[in-house]
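In the order they appear, the protein sequences are chains A and B. According to our numbering, the first sequence holds residues 27 to 335 in order. According to our numbering, the second sequence holds residues 2 to 414 in order.
There could be a bad hint or two in this list.
Calculated lysine to aspartate or glutamate pairs in the EDC-like style (CA-CA distance at most 20 Å, straight line) [to be verified]:
| no. | chain 1 | residue 1 | chain 2 | residue 2 |
| --- | --- | --- | --- | --- |
| 1 | B | 53 | B | 328 |
| 2 | B | 332 | B | 52 |
| 3 | B | 414 | A | 100 |
| 4 | B | 394 | A | 100 |
| 5 | B | 394 | A | 193 |
| 6 | B | 414 | A | 104 |
| 7 | B | 312 | B | 328 |
| 8 | B | 131 | B | 152 |
| 9 | B | 223 | B | 396 |
| 10 | A | 177 | B | 246 |
| 11 | B | 171 | B | 105 |
| 12 | B | 397 | A | 104 |
| 13 | B | 414 | B | 396 |
| 14 | B | 414 | A | 180 |
| 15 | B | 344 | B | 117 |
| 16 | B | 394 | A | 192 |
| 17 | B | 71 | A | 298 |
| 18 | A | 112 | A | 100 |
| 19 | B | 258 | A | 180 |
| 20 | A | 177 | B | 37 |
| 21 | B | 173 | B | 163 |
| 22 | B | 332 | B | 347 |
| 23 | B | 71 | A | 105 |
| 24 | B | 223 | B | 246 |
These aren't lab readings, by the way, just hints derived from the structure by calculation. From a predicted model like this one, the values you see are computed outputs, not experimental measurements.
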Amino acid sequence: MAVAHPPLSRTEAPSRSWWRRNQQRIAPLIFLAPGLFMFAVYVLIPIVQSLWLGFYDWDGLGARTWLGWANYVELWTDDAFWTSLKNNVIWLVLYMLAPPAGLLIAIFLNQNVTGIRVYKSLFFFPFVISQVVVGLIFSWFYAPNFGLFYKLIEAVTGTGVAVLADERFVTYGIIAAGLWPQVAYCMILYLTGLNSIAPEQVEAARLDGAKGWRMLWHVILPQLRPATFIAVVVTVIGALRSFDLVSIMTSGGPYGSSRVLSYYMYEQALSEYGYRMGYGAAIATVLFLIMMIFISGFIWKMVRDEREG
Amino acid sequence: MRLLSRSSLLALAAGALVAVPATAQQRTLTYYGDFDPAPLAAFQTAIAEFEKANPDIDVVFQNFDHEGYKTAIRNFLTADPPDIANWYAGNRMAPFVNGGQFMDVSDVWAEHGLAESLASALPSMTLDGKQWGVPYTYYQWGIYFNRTLYDQVGAEVPSTWDEFIANCAKFKEAGIDCVTTGTKALWPAAGIFDYLDLRTNGYDFHMALTNGEVPWTDDRVKATFTEWAKLVEPGYVVANHAAVDWQDAAALLVQGKAANFVIGNFAVPYFKDGGMTDETLGFMPFPTITPDVPRAELAPIDSVHITAGAKNPDDAKKFLAYLATAEVQTKINEAFGQLPINKDSEVGDDPYLQAGFELLSTTEGGIAQFFDRDAPAEMAKIAMEGFQQFMIKPDKLDDILMRLEAARGRVYK
C-alpha cells in the first residue's frame, strides 16, 4: 500500500511527523501555560511593578515623581529602617529555636500510651488557631495591671514588667508568642518523620550498643533530614513574613521599637498614616532581596538533591 | 482590599435591587460612611427624611467599619467612588483635595450662607481658599476627672497648670496616678501635646508648627516640652501607658486608680458604663499655662464630602446643604452625644455637652482640629511616636526633636 501511493504518504508524512517530532516539547508548554500565566500576572509582574515603584515618590492618589535612588538613600539614613532590620535578624535567629524544640516535643510524644492522640492534638492546637488569636492571647498575658505574666513577675520581684511597653523586651515578647505555634508546626513535621524511621536500622544500632545521644545523633537525625529541611524552610519564611503578630500586639510600638520590615512597609505605604507608596516599595524590595538569599539557597539545595537522587 | 471589593459589590447589588422598583425619574445618590451603631440609626433617619423631602432622589447608603474605612477610602476613591463620602476636616483631607479626589463645594457654602451658619468650622474646611465639604459634628477635648479622688486628697479643681502639678504631688502621696492615658494607638499622647502647646504658645504658633513653618528645635517647642516634663519626670503619669488602649486607661479612672484623663467627649459613655455619674465624673478645661495667651481649644470636626468622580453631583450638593441645616444637625448630634456646628442648632442637655458648648463658643484663641488632622499624615505619625517616647524617656528629648526636625524637612516640600 505504501508503495502503491508514494505521493500521498510523502505529503502526509512530514506534517504528521512535525507534530510527532515536536509533541514532546510542546505538550508540557501547553500544560504549563495556565499556571505560567497566573504566575506571571500575580507574582512576576507585581514584583517588577513594585521594584519600579521603589524609584518614585507617590502618595497613591496624585501624580508620581521620579526619584531615582533617593528612596534607597533615605533608607540608609533611616533609623526606623535599621531598627526593623535588626528586629528581623532577631526574629530569624530566635525562630531557629523552633525546629529543635519541635523535635524535642515530637520525640517525647512519640510513644504508645493511652490517650497519646489527645496529647498530640493538644500540643498541635496553637498551630490550628489563627495568629490573630495567638496575638490577642499573648497581649492579655503580658497586659499591665491585669495580665497573668505581669502579675506573676509582680508577685516574684515586687514590680511588674509590661513587656509590650518596654523597648528592651517587646520584640522578644512577640517572638515568644510566634514561637508557640511555630514549635507546634515543627513538632508535627517531626512526628510524621519519626513514623517513617526504619525500625531495622534502630534495631541494628541498638545491637551495636548505640544509646541516647549517639542513637539520636547518628541514627535518628540522619533519617529525619527531609523533615528537618522542611522545618527550617517554613521557620525561616515564618520569621521573615512576621507581620500579623506585630500588628496585633503592638502596632510596631512602643515608638516603633518592635517594627519589622514587613510591618514598616505596610505602615509607610498602606496604613492609616501611610501615604508613601514609593518608600514602602523600596522597603519591600529590600525584604524581597533578603528573602531571595534564603529562597535561592533552598532551591539550590533541592535541585542538588534531585540530581544526586 | 478584599473586604472593600466585597462591600462595593454589595453596594452595587443593593443599588441594583433598589433601582428596579424605582420610577424612571428617580436618581440614585451613593453615600459611603463609617458610623458606629447609635449614630448610624440617627443618620439613617436623617437620610430617610431627606428622601421624603426629595422623592425623586434615592440615597443608597453603605456603612463601613470605622477603622477599616480609614484605609478603604483611598481604594474606593480611586477605583469606584461614591457620590458622597465621610471624612475629616483640616489637613487630614489635604491628600484627597490635592490628589483631586474631592470636589470643590464652595458654591454650596455661598448659596446657603454656610460661611455664617457654620462659621466656627470655616477655617478647617478651607484649603486653597475653597471649601471641600460640609461639617456636621464636633466634640470638645479637655480633662475628665474623678471627683471622689479630688475630695479624698483634698485637692481643688485647678485653673492653672502649676495648681494642676501641685495636685499631682498630693495624688502621688496618696498612691494615686495623677494622669491616666493609653498611648498604644499613639493619638492620646497627641491630645496632651496639643493642649500643652496651645496653652504655652497659643493657637497661631501651634498652627504654624503643624503646618511645618516652625522648626521642631525652636525654643518655644522646647518650652512646651518643659511644661510636659513637669508631669512626666516626677512620674505623675500612669506607668506602662504604651501598652494600654484608651478604653483601659479610662477604666483606671473609673476604678479610682487615676485622677485625670485628657480625652475627648466621646469617652463619657465609657465612664458612665463603668458606673460613674454626673456627681463623680468631672470635666474641666485644660488649665492655663502662659496667662496672656488667648484660650484656644481642641475640637475635631467630622465632615461629609462630594467625590470628584461623583455621578450625581447636583443631588449630592442638595444633600450637603440639607445636612448643614440647624434642624438636621440638632437631631443628629442629639443621637451622637456631640456638638452641632450650625450656630442655630440646639445642644443636648447633657452637662458635659453643655460645658463643651460653653467652652467652644467662648473660645477667643481659635479651635484646633487635632494633631493628626492639623499636621500631614506622615508628620503626625512620626511626631506622635516622639510624644510617646518622650512620655517614657523624657531625657531623650533632644534626639526626638532632631528626628522630628529631620522629618519636617522632608514632609513639607
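Quick rundown of the hints versus the structure:
1. Distance hint between residue 53(B) and residue 328(B) is fulfilled; the C-alpha atoms sit about 16 Å from each other, no more than 20 Å.
2. A distance of roughly 16 Å separates the Cα atoms of residue 332(B) and residue 52(B); the hinted pair therefore holds under the 20 Å criterion.
3. For the given pair, residue 414(B) sits about 15 Å from residue 100(A) by alpha-carbon distance, which is consistent with the 20 Å threshold.
4. About 26 Å separates the Cα atoms of residue 394(B) and residue 100(A), which puts this hinted pair outside 20 Å; it is violated.
5. Restraint check for residue 394(B) and residue 193(A): the C-alpha separation of about 11 Å stays at or below 20 Å, so the hint holds.
6. The suggested pairing of residue 414(B) with residue 104(A) holds, with an alpha-carbon distance near 18 Å, which does not exceed 20 Å.
7. With a CA separation close to 28 Å, the supplied pair residue 312(B) and residue 328(B) exceeds the 20 Å bound.
8. The straight-line distance between the Cα atoms of residue 131(B) and residue 152(B) is roughly 50 Å, outside the 20 Å bound, and the hint therefore fails.
9. Among the hinted pairs, residue 223(B) with residue 396(B) is consistent with the structure: their alpha-carbon atoms are about 13 Å apart, no more than 20 Å.
10. Between residue 177(A) and residue 246(B) the CA atoms are separated by roughly 19 Å; this keeps the pair inside 20 Å, and the hint holds.
11. Note on residue 171(B) and residue 105(B): the hinted pairing is violated, with a Cα-Cα distance of about 53 Å set against a maximum of 20 Å.
12. Pair hint residue 397(B) plus residue 104(A) holds up; C-alpha atoms about 18 Å apart against a cutoff of 20 Å.
13. For a cut-off of 20 Å, the pair hint linking residue 414(B) to residue 396(B) is broken: about 30 Å separates their Cα positions.
14. At most 20 Å may separate the alpha-carbon atoms for a hinted pair to count; residue 414(B) and residue 180(A) exceed this at roughly 49 Å.
15. Of the pairs offered as hints, the one joining residue 344(B) and residue 117(B) holds, with about 8 Å between alpha carbons and a cut-off of 20 Å not exceeded.
16. For the proposed pair residue 394(B) and residue 192(A), the alpha carbon gap of about 11 Å is at most 20 Å, so the pair holds.
17. The straight-line distance between the Cα atoms of residue 71(B) and residue 298(A) is roughly 6 Å, inside the 20 Å bound, and the hint therefore holds.
18. A distance of roughly 17 Å separates the Cα atoms of residue 112(A) and residue 100(A); the hinted pair therefore holds under the 20 Å criterion.
19. Between residue 258(B) and residue 180(A) the alpha-carbon distance is near 17 Å, which keeps this suggested pair within the 20 Å criterion.
20. A hinted pair counts as satisfied when its Cα atoms are at most 20 Å apart, and residue 177(A) with residue 37(B) does not qualify at roughly 35 Å.
21. Only pairs whose Cα atoms come within 20 Å are accepted, and residue 173(B) paired with residue 163(B) is accepted, the gap being roughly 15 Å.
22. Restraint check for residue 332(B) and residue 347(B): satisfied, since their Cα atoms lie roughly 9 Å apart, inside the 20 Å limit.
23. For a cut-off of 20 Å, the pair hint linking residue 71(B) to residue 105(A) is broken: about 27 Å separates their Cα positions.
24. Between residue 223(B) and residue 246(B) the alpha-carbon distance is near 28 Å, which puts this suggested pair outside the 20 Å criterion.
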